[in-house]
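These protein sequence lines map, in sequence, to chains A and B. Going by our numbering, 35 is the number at position 35 of the first sequence; the sequence numbering is gapless. Counting from 1 along the second sequence, just add 637 to a position and that's the residue number in our numbering.
Simulated from the structure, these hints should not be mistaken for laboratory data. One should not assume that every hint holds.
Below, a list of computed lysine-lysine pairs in the DSSO-like style, where the Cα atoms sit at most 27 angstroms apart [said to hold, decoys possible]:
#1 K1153/B <-> K303/A
#2 K303/A <-> K1112/B
#3 K571/A <-> K1112/B
#4 K587/A <-> K1112/B
#5 K587/A <-> K939/B
#6 K479/A <-> K939/B
#7 K516/A <-> K1218/B
#8 K303/A <-> K1224/B
#9 K475/A <-> K940/B
#10 K587/A <-> K789/B
#11 K940/B <-> K152/A
#12 K303/A <-> K789/B
#13 K302/A <-> K1153/B
#14 K302/A <-> K1224/B
#15 K1116/B <-> K587/A
#16 K1224/B <-> K587/A
#17 K1263/B <-> K442/A
#18 K587/A <-> K940/B
#19 K152/A <-> K1224/B
#20 K1116/B <-> K302/A
#21 K1224/B <-> K581/A
#22 K1079/B <-> K587/A
#23 K1112/B <-> K302/A
#24 K1224/B <-> K479/A
#25 K626/A <-> K1135/B
#26 K1208/B <-> K475/A
#27 K1224/B <-> K475/A
#28 K1224/B <-> K571/A
#29 K939/B <-> K475/A
#30 K303/A <-> K1116/B
#31 K479/A <-> K1141/B
#32 K1079/B <-> K442/A
#33 K587/A <-> K1218/B
#34 K940/B <-> K516/A
Note that the structure is a prediction, hence the values are computed from the model and not measured.
Protein chains: 2
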Amino acid sequence: MKEISGYIEEGAMAFLKREYKVLSVFIVVVFFVLGITIQWKTAFCFIIGSIFSILAGYFGMRVATKANVRTANAARKSQNCALEIAFSGGAVMGMCVVGLGLFGIGVLYIIFGSADIITGFGLGASSIALFARVGGGIYTKAADVGADLVGKVESGIPEDDPRNPAVIADNVGDNVGDVAGMGADLFESYVGSIISTLTLGAALYGDFKGIVFPFLLASIGVISSIIGSLFVKGDENSNPQKALKNGTYVSSVIILIASSILSKYMFNNFKAFWAISVGLLAGVIIGQLTEMYTSADYRHVKKIAHQSQTGPATTIISGIAIGMYSSVLPIVFIVFAILIAFFCMNGATNVLMGLYGISLAALGMLSTTGMTVAVDAYGPIADNAGGIAEMSGLPKEVRTITDRLDSVGNTTAAIGKGFAIGSAALTALSLFASYSHAVGLKTIDLLDPITLSGVLLGGVLPFFFGALSMEAVGKAANKMIEEVRRQFKENPDIMTGKSKPDYKNCVDISTAAALKEMIVPGVLAVVVPVLVGLLLGAAALGGLIAGAVVSGVLLAIFMANSGGAWDNAKKFIETGEHGGKGSYAHKASVVGDTVGDPFKDTAGPSMNILIKLMTIVALVFAPLFKVFGGVIIGLIK
Amino acid sequence: MKEISGYIEEGAMAFLKREYKVLSVFIVVVFFVLGITIQWKTAFCFIIGSIFSILAGYFGMRVATKANVRTANAARKSQNCALEIAFSGGAVMGMCVVGLGLFGIGVLYIIFGSADIITGFGLGASSIALFARVGGGIYTKAADVGADLVGKVESGIPEDDPRNPAVIADNVGDNVGDVAGMGADLFESYVGSIISTLTLGAALYGDFKGIVFPFLLASIGVISSIIGSLFVKGDENSNPQKALKNGTYVSSVIILIASSILSKYMFNNFKAFWAISVGLLAGVIIGQLTEMYTSADYRHVKKIAHQSQTGPATTIISGIAIGMYSSVLPIVFIVFAILIAFFCMNGATNVLMGLYGISLAALGMLSTTGMTVAVDAYGPIADNAGGIAEMSGLPKEVRTITDRLDSVGNTTAAIGKGFAIGSAALTALSLFASYSHAVGLKTIDLLDPITLSGVLLGGVLPFFFGALSMEAVGKAANKMIEEVRRQFKENPDIMTGKSKPDYKNCVDISTAAALKEMIVPGVLAVVVPVLVGLLLGAAALGGLIAGAVVSGVLLAIFMANSGGAWDNAKKFIETGEHGGKGSYAHKASVVGDTVGDPFKDTAGPSMNILIKLMTIVALVFAPLFKVFGGVIIGLIK
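Please construct the entire structure, taking both the sequences and the accompanying hints into account.
Have a look at this one:
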């Protein structure tokens, strides 16, 4: 067990180290660009934000790669023991994310005393998050697809079999994609929502109320997450899902009570409380909707499984249709949250105040981030524990327990993705409000063809980005397939178990491919908003962001939910429905699952960060566009 | 031959008749709603628009179902004969579309003398077009998938085999989907672009110049299409594609020359000429881009074919990635066209004039509609001719000729789809400008959360619509599959050729299913904009339209091109690449093609009409929103 978890830890750390090397070049370049074009204080905050984002991912991975083997060991004793250890691993990561975010913003605010400068911190957090999500997403899916196609399909060995050379890379992928990538994603949303509340709050209420309120709220959020995590306890026969939900509900209730007191005490009314609650509630509802569309307990996944009986084509068509459907209700609830938050803060008479309400809703949704990350990180820990149990030949009962924990992890992961998308939308919209304020735009007029052009260009970016990242997975997976085939061919002793496969080579291939393929989409997300702002002006950039948020959120929901639904349709069939494992329906559902992999773990979740990153790039470079914006349009005029 | 073409004609006419019955209910309801809420003159124009749209589809179908058998007969003589007959069938349809459009708008303008009232004509054209596209799209794909899955895959009989009970329904589908549906689509774009130019032109230049200019331009377009169609001639060994392109180029050049003279003569400058040319050019470029992404002559389709070697999952992933990629450049060229048209008409100093420029660009793009429809309708005629040749057991050489003509038809269909999408985007945007003018909005501010909510809700509509229409195809295809299976089972003589299958039952099933499933999406597209306008107000409705245009155009390009690329990747493999017919790669490519069917022929093309229809609904009901708009927002405030 120790040996195998050692491999995983080693591979994960090797990936992070090489990723950080690549990122350091990016960080240094952006540092100088920021320092020269904006100001050096912002550039300094950018560096700190980048480092903190890296630290959040690093600590999370360290804990996760230790917790997995301990969870496997605890599963020998009891399900509850294993649940508690897996969850406490996630909880450490969750506290790291919120602790680092709050600490970083707080200290930098004390040093610089200006909300504008701290936007650099957000930019650092966002850009590292994008690379971590995209790189991690490519890594994990390349390894997964490679391990599955050659190992399971071609050679007929079971999942997580130690004879599969790509098996370690696959398990490393769970860590770098689902732990480090997801942690960086939520770290960024968390930081972004605080920053947008700060910038708008400072403009509205001055330094005291405007700054203290979000900090107090976020701190209460940390405490509520800690208390909530104490409630994650189950007995031997209860569903682990229930224990995890208990924790989330407890911390939500604490936030609600505390924010009502805080709102009354600081503003002498309950308006801020309503805005915060509506955000929190929307987050919970979107999470539940995600579960409804991606869990086999509901009719949608069952329908995909049913359609699998007529082959892979109908599986794909029904999965895509359900993914598209699933984007409708979350958008409706996001719209509700926006409108209620805006109007309950008197947006009708004071627009800025209304926009502040939207950023409070985002903050409310993200106030339980500590808990969300903990629940989310628990999944890959349980998954890895199962892998370790299988590879080290632990008794079957152990694997049964880890499988149970893992299957809950799939649902929590889907809910976490829904939550990440919802919070990304609200955060991006509140940062959008901050941007327009910073750049001095009173209106961003859709009737102006320049704005409209921005909206069209912004809308196409997530499609371009999605195409790039899906192709990257394809390329990386192809390399992995070739390597696994090569190892099986050159060393026939691997299949008989006499000789160990070369795990390291597979890890290296995934690492190199992921790092190479993450660069273009990552740089694109930073460069395009700056170029559009400079060439077409601040209004076009506003349009670009709005367009990107709309199509990005829609694609993110569609792709994440299609992918999740295909995955669970396959698992549903594997329980014996429609002929069970090996049937025609099962083969069709495996096709759906494979298509869904890059959907739900690479392209889909990257959209969240893309839209937040573009918005924060716009916000940070706002002073530049104020002066130099719209060169081309100026020439035409 | 006559017997079989008789079945097709009978089936197609039966479908149209039943469709018109359903539509007449809708038309009567909307007539009274319009009459009571807006004015009876608009309601009258609506009726005329609906009838003319129906006539355009009806004439087209009549000609197409006669031309197919003649083409098959002509193919016994020579390729050139067959080409000319197939094309002249399409040309009649093309002239019907533009003739009816121009005649209808012209007469109604002479009667009522107001551009606002004529918007009712556009609403009639659009709503019938949506039902025709969606209904036709569901019909054709249900029949196609049903015929393929049971006939080709399960029973192993070739395409267009007369023993297949669904074969007539399949051929009827080509007519109702690709001829009637596509004709109604372009009729609507054509009418929409003229109406938006009229409303903006009348506001700018008063009744003479503002009205006469677009009419003159459109009339020249008709003449240029007639002249262009005379140039569609090839010799025996030349590629029919070249002949078709010649015709398009000739009519484009005529338009350019005529519009430069007209622009100079009427406005004493070349500004209108530039706006028109930029639209025309953008249309041609978008068509070419579509060819690049969907034709096997280029690397993208070859890549999908290559990926088919690793199975259906990689086929699907690469096809989706290419579809998403393919949306980038068309959007960039649409943006270019918008900006150039806007600024060359002095949009920087006079916004309304700039917006007029955009509507001129749309008109320019659509000035060759007659030719575009002719080229587009040629495809299904050639396809049907092939089916008739196969079913009536004509010599193999005949089928070779019709196959050659048909394969060109696939490319022209893809180009036509690209053109339809590009023109839909420009038309919708220029109608959007007319809407804002009609409802009296000086700005539609993205910073207003109500507008932003509209954008989000608008963005999700095409996803919802796409999901609905794809599910409808699935349901209808399932019914068809069951029926074909039943016939084979109950009457084994069908397979031996001793007894004829019951074609009529299959036609009935497709008809009933298509009509049933088209109602919800069709009504949705009309009701949602009205509801949003009434409840959230005119600005939210403006946002809704902008959001729907952006995500609708993106989804339309993505889905149409993914579908086209999969189709041609399959055909590419069938030429013997990667193992040819029956190979593993071929099976994977068939999955891609089947997924692509509802993408490219149902969901994708419906998006065009959806966005135009929603915009014109907003324009027609603008007076209502001016008075009663935003009930809910009013209550909140």
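Run the distance test for K587/A versus K1218/B: straight-line Cα separation, threshold 27 angstroms.
Satisfied, since the Cα-Cα distance of roughly 22 angstroms is no more than 27 angstroms.
Compare the distance between the alpha carbons of K303/A and K789/B with 27 angstroms, and conclude whether the hinted pair is satisfied.
holds, 25 angstroms
Would you check the hint for K1263/B and K442/A, treating anything up to 27 angstroms between C-alpha atoms as holding?
holds, 24 angstroms
Next pair to validate is K1079/B with K442/A; report whether the Cα-Cα distance is within 27 angstroms.
holds, 14 angstroms
Sort out whether K789/B lies within 27 angstroms of K587/A, counting only the CA atoms.
Answer holds: K587/A to K789/B is near 20 angstroms, not above 27 angstroms.
Holds or violated: K1153/B to K303/A, with C-alpha atoms at most 27 angstroms apart:
Judged against 27 angstroms, a Cα distance of about 21 angstroms means the pair holds.
Are the Cα positions of K571/A and K1112/B separated by 27 angstroms at most?
holds, 24 angstroms
Hint consistency between K303/A and K1116/B [alpha-carbon to alpha-carbon, up to 27 angstroms]
Holds - the C-alpha atoms of K1116/B and K303/A are around 16 angstroms apart, at most 27 angstroms.
Does K587/A sit within 27 angstroms of K1116/B, going by the straight-line distance between their CA atoms?
Within the cut-off at roughly 24 angstroms; holds.
When you check the alpha-carbon spacing of K1224/B and K581/A, does it fall within 27 angstroms?
Holds, at about 22 angstroms.
27 angstroms Cα cutoff - pair K1224/B, K479/A:
Holds, because 24 angstroms separates the two Cα atoms, which is no more than 27 angstroms.
Please verify whether K1112/B and K302/A have alpha carbons no more than 27 angstroms apart.
Within the cut-off at roughly 16 angstroms; holds.
Violated hints for the displayed structure, listed by number in ascending order: 7, 22, 25, 31.
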